Amino acid sequence: MIYKVYYQENALEVPVRENTKSLYLEAASEREVRNYLKDRNFNIEYIQLLEGNYLEYEKNSPNFHVENA
Numbered sequence: 150m151i152y153k154v155y156y157q158e159n160a161l162e163v164p165v166r167e168n169t170k171s172l173y174l175e176a177a178s179e180r181e182v183r184n185y186l187k188d189r190n191f192n193i194e195y196i197q198l199l200e201g202n203y204l205e206y207e208k209n210s211p212n213f214h215v216e217n218a
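Numbering-wise, our numbering puts 202 at position 53 of the sequence shown, and it's gapless, one number per residue.
Misleading hints may appear alongside valid ones.
[To be verified] In silico DMTMM-like links for lysine to aspartate or glutamate, alpha-carbon gap of 20 Å or less:
hint : residue 1 : residue 2
1    : Lys153    : Glu175
2    : Lys153    : Glu207
3    : Lys208    : Glu158
[What the hints assert, rightly or not] Label pairs and their in silico Cβ distance ranges:
hint : residue 1 : residue 2 : range
4    : Glu167    : Asn190    : 16 to 26 Å
5    : Glu167    : Ser210    : 10 to 20 Å
6    : Asn159    : Asn202    : 28 to 38 Å
7    : Asn202    : Tyr155    : 18 to 28 Å
8    : Ser171    : Gly201    : 14 to 24 Å
FYI, nobody ran anything at the bench for these hints, they're computed from the structure.
What you are looking at is a predicted structure, and each value in this text was computed from that prediction instead of being measured.
No residue lacks a Cβ here, since even glycine has one placed at the ideal position from N, Cα and C.
Generate the whole structure from the sequences, applying the supplied hints.
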């Protein structure tokens, strides 16, 4: 399964919507995604499972690069 993670780069700063970034991870579950990212200093806002038409749409994005958890 592929997940899209919305995050802020620094967990110690106040979240600002304009600074939100995203990355894509292939993992078996949301728990595995959180485990994979726990060593990074990210403030995770939202983890979204991508499937169906939404996944196809994201694949067409130039920023679509999947990491493996």
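Taking the hints in turn, this is what the structure says about them:
no.	hint	result
1	Lys153 - Glu175	holds, 9 Å
2	Lys153 - Glu207	holds, 9 Å
3	Lys208 - Glu158	violated, 23 Å
4	Glu167 - Asn190: 16 to 26 Å	holds, 19 Å
5	Glu167 - Ser210: 10 to 20 Å	holds, 19 Å
6	Asn159 - Asn202: 28 to 38 Å	holds, 33 Å
7	Asn202 - Tyr155: 18 to 28 Å	holds, 19 Å
8	Ser171 - Gly201: 14 to 24 Å	holds, 18 Å
The structure is inconsistent with hint 3 alone, although it conforms to all the rest.
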